[in-house]
Amino acid sequence: MARLVEPRYDSTGKLIQLHDVLKDEETGEMAIVVQAKNKAGVRGLAVENKIIGLSDWLDVYPDAVWTTVGNAGISSHDVD
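Following the working numbering, the numbering of the sequence shown begins with 1308 at its first residue and continues without gaps.
Everything labelled a hint here was simulated from the structure, so no lab data went into it.
There could be a bad hint or two in this list.
Derived CB-CB ranges, DEER-like [claimed, not checked]: (1) Ser1383 / Ala1347: 35 to 41 angstroms; (2) Thr1334 / Glu1313: 19 to 25 angstroms; (3) Gly1360 / His1326: 27 to 33 angstroms; (4) Gly1348 / Leu1325: 17 to 23 angstroms; (5) Ile1381 / Lys1357: 19 to 25 angstroms; (6) Gly1348 / Val1376: 28 to 34 angstroms; (7) Lys1321 / Asn1356: 16 to 22 angstroms; (8) Ser1383 / Leu1311: 28 to 34 angstroms.
All residues carry an ideal CB built from backbone N, CA and C; glycine is no exception.
Construct all of the structure, not just a fragment, from the sequences and the given hints.
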C-alpha cells in the first residue's frame, strides 16, 4: 500500500497546500509546494526549489518551520 505524505501547518497554523510559496523561517530559503510521487509509491506534497537544489517531502519538516507567503496557482482571473 502506498504511503501518503502527512499534512503540515505553517507558522501561522494554516494548512500548507499545493502551489503555496513558502519561506523557511530558520534559513530564509524559499520553496514552492508541488505534488510528488516516488518509485516506492509514496505520494503527496513536497517542497521544491530547483534554483537552490531543494527537493524534500513536506512532512520531513515539523509544523511551523515554513511561512506561507502566497500561492503560485492564483491568477488575476481568480480574483474578483
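Evaluation of the provided hints:
{"no.": "1", "hint": "Ser1383 / Ala1347: 35 to 41 angstroms", "verdict": "holds (39 angstroms)"}
{"no.": "2", "hint": "Thr1334 / Glu1313: 19 to 25 angstroms", "verdict": "holds (21 angstroms)"}
{"no.": "3", "hint": "Gly1360 / His1326: 27 to 33 angstroms", "verdict": "violated (20 angstroms)"}
{"no.": "4", "hint": "Gly1348 / Leu1325: 17 to 23 angstroms", "verdict": "holds (19 angstroms)"}
{"no.": "5", "hint": "Ile1381 / Lys1357: 19 to 25 angstroms", "verdict": "holds (21 angstroms)"}
{"no.": "6", "hint": "Gly1348 / Val1376: 28 to 34 angstroms", "verdict": "holds (31 angstroms)"}
{"no.": "7", "hint": "Lys1321 / Asn1356: 16 to 22 angstroms", "verdict": "holds (20 angstroms)"}
{"no.": "8", "hint": "Ser1383 / Leu1311: 28 to 34 angstroms", "verdict": "holds (33 angstroms)"}
Of the numbered hints listed earlier, the single one contradicted by the structure is hint 3.
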